[in-house]
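J.: The primary structure of each chain is shown beneath.
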Amino acid sequence: MNYADQNKQFVVFELENEEYGIDILRVKTIEKMSNITRVPNTPSYVKGVMNLRGEIVPIIDLRKKFDLQEKEECENTRIIIVYVDDMDVGLIVDSASKVIDISCDMIEAPPESLGNKENSSIYGIGKLDDKVITLLDVEKLLSA
Amino acid sequence: MMDINQYLEIFIEEAQEHLQNLNQNLLGLESNPNDIDTLNEIFRSAHTLKGMAGTMGYDSIMNLTHDMENILDAVRNGLLTINSGILDVLFECLDFLEESINYISENGKEDEKNIEPLKKKLLNLLNSNSASNDLEPVKNNEKGIDDFKFNQYDENVAEQAIATGMKVFRIEVVLAKDCMLKSARAFVVFKTLEKYAEIFKSYPRVEDIEDEKFDNSFKIAIITSENKDKIKKDLESISEIEEVIVEEYSNLVSNEVHTLNEIAATQETITVKEEQEEQEEHHIKKNKVGKTVRVDINRLDNLMNLVSELIIIKTRLEGIDSDSQNKNMSEAVEYLERITTNLHDAVMKVRMVPIERVFNRFPRMVRDLSRELDKEINLNISGEETELDRTVIDEIGDPLIHLIRNAIDHGIENKNERARNNKNAVGNVYLRAYQDGNSVVIEVEDDGKGIDIAKVKKKAIENRLIDKSEAEGMSDKEAIELLFHPGFSTADEISDISGRGVGLDVVKTKIESLGGTVEVESISNKGSKFLIRLPLTLAIIQALLVTIGSEKYAIPLNSIKEITSIEKDKIRNIQGQEVVLYRDSVLPIIRLADVLDVKDYAEEENELTVVIVKKGDKSSGFIVESLIGQQEIVIKSLGKYLAGIRNIAGATILGDGQVALIVDTNSMI
Numbered sequence: 001m002n003y004a005d006q007n008k009q010f011v012v013f014e015l016e017n018e019e020y021g022i023d024i025l026r027v028k029t030i031e032k033m034s035n036i037t038r039v040p041n042t043p044s045y046v047k048g049v050m051n052l053r054g055e056i057v058p059i060i061d062l063r064k065k066f067d068l069q070e071k072e073e074c075e076n077t078r079i080i081i082v083y084v085d086d087m088d089v090g091l092i093v094d095s096a097s098k099v100i101d102i103s104c105d106m107i108e109a110p111p112e113s114l115g116n117k118e119n120s121s122i123y124g125i126g127k128l129d130d131k132v133i134t135l136l137d138v139e140k141l142l143s144a
Numbered sequence: 001m002m003d004i005n006q007y008l009e010i011f012i013e014e015a016q017e018h019l020q021n022l023n024q025n026l027l028g029l030e031s032n033p034n035d036i037d038t039l040n041e042i043f044r045s046a047h048t049l050k051g052m053a054g055t056m057g058y059d060s061i062m063n064l065t066h067d068m069e070n071i072l073d074a075v076r077n078g079l080l081t082i083n084s085g086i087l088d089v090l091f092e093c094l095d096f097l098e099e100s101i102n103y104i105s106e107n108g109k110e111d112e113k114n115i116e117p118l119k120k121k122l123l124n125l126l127n128s129n130s131a132s133n134d135l136e137p138v139k140n141n142e143k144g145i146d147d148f149k150f151n152q153y154d155e156n157v158a159e160q161a162i163a164t165g166m167k168v169f170r171i172e173v174v175l176a177k178d179c180m181l182k183s184a185r186a187f188v189v190f191k192t193l194e195k196y197a198e199i200f201k202s203y204p205r206v207e208d209i210e211d212e213k214f215d216n217s218f219k220i221a222i223i224t225s226e227n228k229d230k231i232k233k234d235l236e237s238i239s240e241i242e243e244v245i246v247e248e249y250s251n252l253v254s255n256e257v258h259t260l261n262e263i264a265a266t267q268e269t270i271t272v273k274e275e276q277e278e279q280e281e282h283h284i285k286k287n288k289v290g291k292t293v294r295v296d297i298n299r300l301d302n303l304m305n306l307v308s309e310l311i312i313i314k315t316r317l318e319g320i321d322s323d324s325q326n327k328n329m330s331e332a333v334e335y336l337e338r339i340t341t342n343l344h345d346a347v348m349k350v351r352m353v354p355i356e357r358v359f360n361r362f363p364r365m366v367r368d369l370s371r372e373l374d375k376e377i378n379l380n381i382s383g384e385e386t387e388l389d390r391t392v393i394d395e396i397g398d399p400l401i402h403l404i405r406n407a408i409d410h411g412i413e414n415k416n417e418r419a420r421n422n423k424n425a426v427g428n429v430y431l432r433a434y435q436d437g438n439s440v441v442i443e444v445e446d447d448g449k450g451i452d453i454a455k456v457k458k459k460a461i462e463n464r465l466i467d468k469s470e471a472e473g474m475s476d477k478e479a480i481e482l483l484f485h486p487g488f489s490t491a492d493e494i495s496d497i498s499g500r501g502v503g504l505d506v507v508k509t510k511i512e513s514l515g516g517t518v519e520v521e522s523i524s525n526k527g528s529k530f531l532i533r534l535p536l537t538l539a540i541i542q543a544l545l546v547t548i549g550s551e552k553y554a555i556p557l558n559s560i561k562e563i564t565s566i567e568k569d570k571i572r573n574i575q576g577q578e579v580v581l582y583r584d585s586v587l588p589i590i591r592l593a594d595v596l597d598v599k600d601y602a603e604e605e606n607e608l609t610v611v612i613v614k615k616g617d618k619s620s621g622f623i624v625e626s627l628i629g630q631q632e633i634v635i636k637s638l639g640k641y642l643a644g645i646r647n648i649a650g651a652t653i654l655g656d657g658q659v660a661l662i663v664d665t666n667s668m669i
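Protein chains in written order, with the working numbering: chain A, 1 to 144; chain B, 1 to 669.
I should point out that these hints are in silico values taken from the structure, not numbers from a laboratory. Keep in mind it's a predicted model, so treat the numbers as computed, not measured. Cβ atoms here follow ideal geometry from the backbone N, Cα and C, with glycine treated the same way. Fair warning: there could be bad hints in the mix.
Stated by the list, open to error - Beta-carbon label-pair distances, calculated as ranges: (1) 550(B) with 17(A): 24 to 34 Å; (2) 71(A) with 391(B): 36 to 46 Å; (3) 655(B) with 71(A): 30 to 40 Å; (4) 646(B) with 99(A): 31 to 41 Å; (5) 567(B) with 43(A): 32 to 42 Å; (6) 99(A) with 323(B): 15 to 25 Å; (7) 461(B) with 33(A): 50 to 60 Å; (8) 99(A) with 301(B): 31 to 41 Å; (9) 106(B) with 33(A): 25 to 35 Å; (10) 43(A) with 626(B): 52 to 62 Å; (11) 334(B) with 101(A): 36 to 46 Å; (12) 341(B) with 71(A): 19 to 29 Å; (13) 293(B) with 33(A): 41 to 51 Å.
From just these sequences and the hints, can you work out the full model?
T.: Following this line, the structure appears as C-alpha cells:
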C-alpha cells in the first residue's frame, strides 16, 4: 500500500488550454466523438445520450458545465466515460492523451480563493514539474 | 448435517405459497363455515407445511402447524364449530408462521421466538370447547340427539353405509347419576357395540370419554346390520345405565334399495374414509401440478437482455438488407425477424405473472383492518387474472397496501357517519386491474367521503408548501396533487382531519420508478379513486418512428389510435389549448416540436401529419414532421443520471446505432 499512498494516477485532459485530471480508477474508457442524441428538458450542459456498445450513456459537455465558451468539435475532441455511483457518464473534453503519476505530497488542497462554485468539484491541485493540474472530484462534479 | 441450503429456497417459496393458500381458504371458511372442501384444503396445506418444516428441521413451525392441525381436525370431526375466536387464533398462527418463514429466508435459520403463547391459545380452544360442553345441561329427551350433528363428512360415511344395506344409528347413553366409574361403563358400552357394529363418531371424543371428560351422557353413531331393538336391549342390560335412546339415521338415500353384495366394502368404514380422503387429495394434486420449473429471476433477466441484443442486431441486418439486392439475404432476414419476434413473445410470457399473486393478500388485510377500525368493508376484486411483468408484481404490493389502507382508514367513514349520509353501512373498496393499450391499470376505489380539498389546502399552507394566495388560485386537481408532495404529510395528524396523504409521495415515487403514473379522482361524499398505470412490458415494444426536424423519436404503437393529416388552418385555439375538430369531436393538439424543444423544425406545408394517441378514454393529436415506419424497439432506460425527465419514457438504439428517444405520450395527455 506504500506505493499507492505515495503516488496516484490521473487521466489528464485539456479544456480551454488548461489541464485537468481525473482519478484513473474512475475512468472506464476514452471514446472519440460519435452521434449524440439530444435529450429535451435537461440542463444545458447535458449534451444528450449516446450508444456505447449497446448501453445508453448520458453525455455532459464539460465546457458548458464550467461556463466556458463553446467550441466546435474537432479531431481531438474526446469523451471520457467515467463510472460513478453505479452509473456511466461521458464527459466531453477538448483532448485527452495521457496518464500521469502524481505523488501525494504534490497534491494541494484547492485554494479558497478559487470561489465556491467550482470549489466543490475540485479535489485538489496537482503540481508536476512546472505545470499545475486541476484534479476533479467526479462524484461531486456529477452530483452538483 | 446434510447441506440443506439448496432446498432452502424451494422450502421458502413453497411455504409462502401454502401460507397464501391457508390465508385465502381461512377467509373462505369465515364467509362459509360449513364448506368441508375448504376445510380439507386448509388441513392439507397445514399438513404439507408441517411435513416440509419437519424435513428442514424447523421445529417451532412444525409444532405450531401440528397444533393447528389438531384444531382443524376437531373442526372436521364436528367437535368444534368455526367461530371468529377460532379463526382469529388461526390467523394469528399464520402471521406467526409468515414471520418465521421470512426470518428463515433472511437468516437461513429459524428464529428463537416463543411459540408457547400461541400453542396455549390453540390448546385453550380445544379445551374450552369441551369444558363448555361439560357445563351444558344434557337433555334427556329424544330431541337431545339432534344437536349431535353429523357434518358432511359423517353424512358421506353414513350414506355409503346405508347404500350398502347397513343401518346407521345414533345412540345416546345416559348413565346413572351415582355411577362411579363412568369411563368404565362407557368402555363396556363401546365393547358391547363393537361386537356387531362400527362406531364412527362419538361425542365427546373417545379420548375425552376415556378421561371421563363428560357429564352423565354421551352420544355415539354406529353402523351395523342389527336392528334397533337388539341394540337397545343389549345396552340397557349393562348396569348403571339409566337410559338408552336409539335413533335410526336415515335420509333420502336410505329409501333406495341396494344390493347387499357390497357389504364387504363397509367392513372397515374408517379405512374407506381414509381412502376417500386420499383419493380426493390425489385428485386435487393432479390438478394443481402442471409441469413447472422454478427459475431464478436473474436468469430470466439475462435471457431478456440477450433477446434485446438479438433484436437490435436484427434491426441492423434489416437495414443492410434493404440496401442489398440479394434475394436469399432478404428471405433469411425475414425468417430471422419472425423467429426473433416469437422468441421475444415467448420470453415475455415467461416473465408474466397474474396480478392475483399480489391481490391475494388483500382480503385478509381488509378483514383485519375492518375489525381494527370497526368499519364494515366489502372488498371487491376484479381482473386478478391480468398479467404483469414479474419485476413489477414484486414491487407493486407495497404501494397498493398503502392505498388500500388509506381508502379504509381515511376514505370510508365510520358507521354512524355513513348512516347520517344515507349510505349503506357497509363500505365498499374496489380493487380492479385491467389492460389498456400497452399499459395495465390498477384502480383502488372507495365509496367513502372523498378528499376534502379545503382541508388539503389548509394543511399545505400549514406545512408551507403553498401560501394563501396560491391556495386560492389552485384548482381542485392541483390541490389533490399536493397529496403527493413529499412535504405534505409525515405524521398521523393528517389522518384525524381529512385523511389522505400519509406517505403518498412514497407511493408515487415507487410507481414512477416502475415507469408508471398515479392519478386521483375524487368526488366529495361519493368517494375517491386512485388510478395506477403501469407499463405492460418492460423491455421490447412495437413503436412508430417519426422525425421532428433532424431528430428521430419513437411512439409506442399500442397507444396509437390512428394516424391522419390535418390542415394547418383547421386548428383552433380554445383557452390557450390548440384543438381541431376531428370526427365530430374536439381533439386537443400537441406540437411535439414545441414540447420536445426541437430547434430545427419549421412548419412549411399546410398539411400536418398527426398521430392520434389514446390514454384511457382520452386522446390527443401529436403533430410530427414525418413518419419513418413501424419498428420493434428495445426500451432502454436513460439511466440514473437523467432519471425523471419530463415527456421522455426512455431511449432505444436504432439499427444504425443511433439513439432515439421514446416519447412518453401518457404524461402529455
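J.: Given the hint of 32 to 42 Å, is the C-beta distance from residue 567(B) to residue 43(A) inside that range or not?
T.: Holds - the Cβ-Cβ distance for residue 567(B) and residue 43(A), about 38 Å, lies within 32 to 42 Å.
J.: Return holds or violated for the Cβ distance of residue 550(B) and residue 17(A) against the range 24 to 34 Å.
T.: 32 Å Cβ-Cβ, so the 24 to 34 Å window holds.
J.: Is 36 to 46 Å a correct range for the gap between the Cβ atoms of residue 334(B) and residue 101(A)?
T.: violated, 56 Å
J.: Just to be sure I understand the hint, the distance between the Cβ atoms of residue 646(B) and residue 99(A) should be within 31 to 41 Å; is that true here?
T.: holds, 40 Å
J.: Is the distance from the Cβ of residue 43(A) to the Cβ of residue 626(B) consistent with 52 to 62 Å?
T.: Once the Cβ atoms are compared, 30 Å apart, the range 52 to 62 Å for residue 626(B) and residue 43(A) is violated.
J.: Holds or violated: the 15 to 25 Å window for the beta-carbon distance between residue 99(A) and residue 323(B)?
T.: violated, 42 Å
J.: Could you check the hint for me, namely that residue 341(B) and residue 71(A) are 19 to 29 Å apart, CB to CB?
T.: The hint (19 to 29 Å, Cβ to Cβ) is violated, given that residue 341(B) and residue 71(A) are roughly 45 Å apart.
J.: Are residue 655(B) and residue 71(A) spaced within 30 to 40 Å by their CB atoms?
T.: Taking Cβ atoms as reference, residue 655(B) and residue 71(A) lie about 32 Å apart, which means the hint holds.
J.: Regarding residue 293(B) and residue 33(A), is the given constraint of 41 to 51 Å on their beta-carbon distance met?
T.: Cβ of residue 293(B) to Cβ of residue 33(A): about 47 Å, so the range 41 to 51 Å holds.
J.: If I claimed the Cβ atoms of residue 461(B) and residue 33(A) lie 50 to 60 Å apart, would that claim hold in this structure?
T.: holds, 51 Å
J.: Has the hinted range 25 to 35 Å been met by the Cβ atoms of residue 106(B) and residue 33(A)?
T.: Violated: the Cβ-Cβ distance is about 49 Å, outside 25 to 35 Å.
J.: Look at the Cβ atoms of residue 71(A) and residue 391(B) and judge whether their distance stays inside 36 to 46 Å.
T.: holds, 43 Å
Checked against the numbered hints listed earlier, the structure breaks hints 6, 9, 10, 11 and 12; every other hint is satisfied.
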